[in-house]
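All residue numbers for the sequence shown refer to the working numbering, where the first residue is 3 and numbers rise by one.
Everything labelled a hint here was simulated from the structure, so no lab data went into it.
We put the beta carbon where it would ideally sit given N, CA and C, even for glycine.
A hint or two may mislead.
What the hints assert, rightly or not - Just the calculated beta-carbon pair ranges, DEER-fashion:
{"hint": "1", "residue 1": "Pro-52", "residue 2": "Glu-148", "range": "22 to 30 Å"}
{"hint": "2", "residue 1": "Pro-56", "residue 2": "Glu-26", "range": "16 to 24 Å"}
{"hint": "3", "residue 1": "Gln-5", "residue 2": "Ala-157", "range": "34 to 42 Å"}
{"hint": "4", "residue 1": "Ala-102", "residue 2": "Ala-155", "range": "32 to 40 Å"}
{"hint": "5", "residue 1": "Gln-5", "residue 2": "Gln-154", "range": "33 to 41 Å"}
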Amino acid sequence: MEQPTHETFLRRAIALARQVALDEQIGGPFGAVIVRDGAIVGEGQARVEPECDPTWHAEMAAIRDACRRLGTPDLSGCTMYTSCECCAMCHAACWRAGIARIYYAGSVEDTETYARGHRRPRGQFVLPDAERHLPVYQLLRDEMLEVWRAYQAQA
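From just these sequences and the hints, can you work out the full model?
Here you go:
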């Protein structure tokens with residue numbers, strides 16, 4: 003059996019984003035997974051609108067799911083894979099939980115370009131990748147842009 007790669011897990015996060023935004027049409031295209039030792043231990047989707055909760059970001063939901071599944075608030079050694087670059091709240095939550103690194107597909111600029119409605123600019127709270135306390139890496143941006151464009155076309 004072939005070992006999962008960073009791309010494999012990031013594609014799962016993108017699939018969760020596609021599901022919530024395009025299939026269910028209940029929110030923006032945001033999905034996240036947390037991996038420990040090559041296995042998914044948490045998943046989440048953004049549900050800000052349906053839950054009327056501004057903190058219900060995909061990354062926050064994935065952290066909560068992983069902590070429940072593992073029975074601990076300590077996610078040391080885990081990796082976050084997220085469809086879009088973390089906002090300041092989610093980045094801080096990853097740091098607080100002990101997540102070791104973050105892989106993301108869409109950039110904060112993509113979110114600002116393709117998000118519907120009146121969104122607050124996120125870029126002012128996001129440090130350049132090299133200046134962050136957690137290592138962050140961008141992969142598969144083009145695959146996420148396909149989801150963003152389809153989401154925008156639904157408007």
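Here's how the hints hold up against the structure:
1. Pro-52 - Glu-148: 22 to 30 Å: holds, 24 Å
2. Pro-56 - Glu-26: 16 to 24 Å: holds, 19 Å
3. Gln-5 - Ala-157: 34 to 42 Å: Since the Cβ atoms of Gln-5 and Ala-157 sit about 40 Å apart, the hinted range of 34 to 42 Å holds.
4. Ala-102 - Ala-155: 32 to 40 Å: holds, 36 Å
5. Gln-5 - Gln-154: 33 to 41 Å: The hinted range 33 to 41 Å holds for Gln-5 and Gln-154, with Cβ atoms some 35 Å apart.
Of the numbered hints given earlier, the model fails none.
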